[in-house]
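Student: As a plain string of letters, each chain reads:
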Amino acid sequence: MFKEKLLIGQYYPIESPIHRLDARAKILASLIYMITLFVVNNWWGYALMAAVFLLNTAISRLPMAAVWRGLKIILYFSILTMIFNFFFYSEGEIIWQYKALILTDQGILHGIAMGLRLLLLVAFASLLTLTTTPIQLTDGLESLLNPLSVIKFPAHDIAMMTSIALRFIPTILEEFDRIILAQRARGATISQGSFLKRVKAMVPLMVPLFVAAFRRAEELAQAMEAKCYRGGKGRSRWKKPQWHQRDSGYLILFALLVVASVLLRGI
Amino acid sequence: MQIELTKASYSYQAGSPFEAPALHDIDLSIESNELVAIIGHSGSGKSTLAQLLAGLILPTKGTVLIDGNKPSKGGVFRQVGLVFQYPEQQLFGETIFEEVAFGAKNYGVPEQKIKHIVVNALTEVGLPPQLFIDRSPFSLSGGQKRRVAIASILAINPQIMILDEPTAGLDQRGRRWIIDLIKRLREQQGKTIIWISHNMEEVAELAKRIVVLSEGEKILDGNPHLVFEAEQKLLASGLDIPQPAQLVRRLRQRGKPLSAQAITVEEAYQEIAAWLGGGGIV
Amino acid sequence: MIEIKGVYFAYDEDTPVLKNINLNIERGEWVAIIGPNGSGKSTLARQINGLLLPDSGNVCVEGLSVLNSEQLWQIRAKVAFVFQNPDNQLVATSVEDDIAFGPENLGLEPELITERVENALNITGLQQLRNKPPHLLSGGEKQRVAIAGALAMAAEYLIMDEPTSMLDPHLRTQVLGAVRQLHANYNMGIVYVTNILEEAFLADRVVALANGVIVAQGTPERVFADTTLISRLGLELPPVCRISSLLADAGYERLRGIGDLDQLVEVLCKLS
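Residue numbers (my numbering), protein chains in the order written: chain A, 1 to 267; chain B, 268 to 549; chain C, 550 to 821.
Where hints are given, some of them may not hold.
[Unchecked claim] Facing chain B, a subset of chain A residues (Cβ under 8 Å, in silico):
no., residue
1, T133
2, L181
3, R184
4, R186
5, G193
6, V203
7, P204
8, P208
In case anyone wonders, no lab produced these hints; they're calculated from the structure. Predicted, not measured: the structure shown is a model, and the values here were computed from it. Every residue gets a Cβ at the ideal spot worked out from N, C-alpha and C, and that includes glycine.
Okay, chain A solo, but in the shape it has when bound (with noise of 0.2 Å):
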């Protein structure tokens, strides 16, 4: 069932030092973490990369099944990715030839880290909604965002729609489970025939699933409206984010974690 592959996007309510950070430190970090990502270019610097993920890990006390189901199928992924790079990349010593298919010792390696390189950055970003809430998460974000408003960025209407995407996307998950269920009882069958096949058998899927995302949003529009909602005018915050030293003192670990990562390419 498909609510029950949902992955990413699950907060897990514990308490640690990595859920007491401020939502903005936590989203700069992943975004640093990510950018260091692509400056690594040895197995020194993805060692750096998979040591600072593990520790974060370790400091935010989650279990490791939840952070692996998160994982599951970004391993699939990787491996995909690992297979493409073996068999596209062409320098290095040919180890093995098929035809137009080649594979190079270099060319392991090389999809080896690519497979690494997706998985640690999809791992990190999961750490970041596994620790923080969807409220803060989407809170962090307007904060963040909210400079750019100077230039006419609607930075308050993206936090509200993230977050209400957040919201309802295991709704809608459900719901299509059920509607899946539902045209099975009237025999739909959808994973065979050909392709053009099963983009039709699509079709009973699809239209019940926006009808109700349409109706769905109607109604809630609706119940904003009713709560006096009129965008971000007037508004206030209850829950205003806090910035704390602890929080500078992450960013600062970043920082190094980017010199860090350069000083390793030399290597």
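Knowing the structure of chain A, use the given hints to seat chains B and C on it.
Tutor: Just chains B and C, lined up with the frame of chain A:
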């Protein structure tokens, strides 16, 4: 045609650390042309049971058999038609014809027979085919949409009909209509009906057999009188016995000569009127 | 006071949904609006806080008019709304944040919001669930969150559009319990749209709507005593009421209109 559940259990996300048991060790046997009501509050497992009976999901333990067979390829019992809760939410067709024909086409009914089947199904649910067949299902009122959704199951011509909360959200007229349909399907077409509900009052009128689910277990199974006798068990599972039955019970406790068999409004009225009349009161 | 004055409304021009509705509702009063599907009762409810605006006529709340766009927002702060579908009215990703959503829109100070949220959580008994995401709540819990939201806005009136029609009976009781509390302790005016007549019995006054016209109003006992009207409306009296009416028709006039089980038992025992 007989449905037989033996020690059937079902868990969501079975085998994962997030396993959520929904049904536990259900034994249930339903005979041809029976009308069985399955009662329980939300979360009791009644919708899961419906899906199990339709072959849509397979038991994690135990078996579900129809006439001794397991679900066919593709995982559905064709002989079982399941009308989901709020079935109007599954509509997708451009026309009511397409909508009602959907199931029959999926099961490979020949094209020349389809028109006939659709016309019959629409007539059965009280929507004159000539007026409705080319309209969009989305142009209908809520109650009419539900009728179309039910017609699309009838068009498959299942021997066994499972209806999951078919009256939910309808007003009295809509409810009445559903109850009459259920009656007709059983009495005139000989179908087996499994009626899932949380409303004791509603099923008391028709069902000769009530199965009560609570926390994924079958706690009661028998005729309405027998089931309503077990008041404590029902209350503990968040269910009420119908008000007429309660009224009769209370009067009996006061020593009034009423039959405990009275459970519907009509029966309770007859009993009370007979008692008052017999007592010679004006 | 809510004053609905000569309201006409149509979604499309040919088919008016509300035809000259006049109705006053006092603060602290509990009014049930009953009628079959399509009678216009949900449309009427949406006129009160200006989610729909009258084509002609006017709706005023405490002297403010829905036709004035600035006053409209003041009205919405006074009149809270609970919708039929519990799923589609919770905005935030946790219970407490959803309760805070209304007060935030009013621009209240964070300390005051905290106070309001705590109070609302306590009264509706949702303390334990404060951090839960909406999709893990039962339908009854979701409706209680919506009611708590109304409380946190310090609304003076609460409009409910068939709030229990998608709920099990035992969840229904929970929701009604919360409404009763708001009514009793906060003198809130309640406008309760329903076609479940058991629930309408809780009201001080019942307003029956058919084809966009008010066809009857009065105390529940009085309105429900007219069994021909009720069946003409396509509604059904609660079972106890039906039994007492049948007996009344059979000559036991004293039983007419009794809707309470205990009361009927007592009166019957005295009769014999």
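Student: Give a verdict on every hint.
Tutor: Hint check results:
no.	hint	verdict
1	T133	20 Å, violated
2	L181	5 Å, holds
3	R184	6 Å, holds
4	R186	4 Å, holds
5	G193	12 Å, violated
6	V203	6 Å, holds
7	P204	5 Å, holds
8	P208	5 Å, holds
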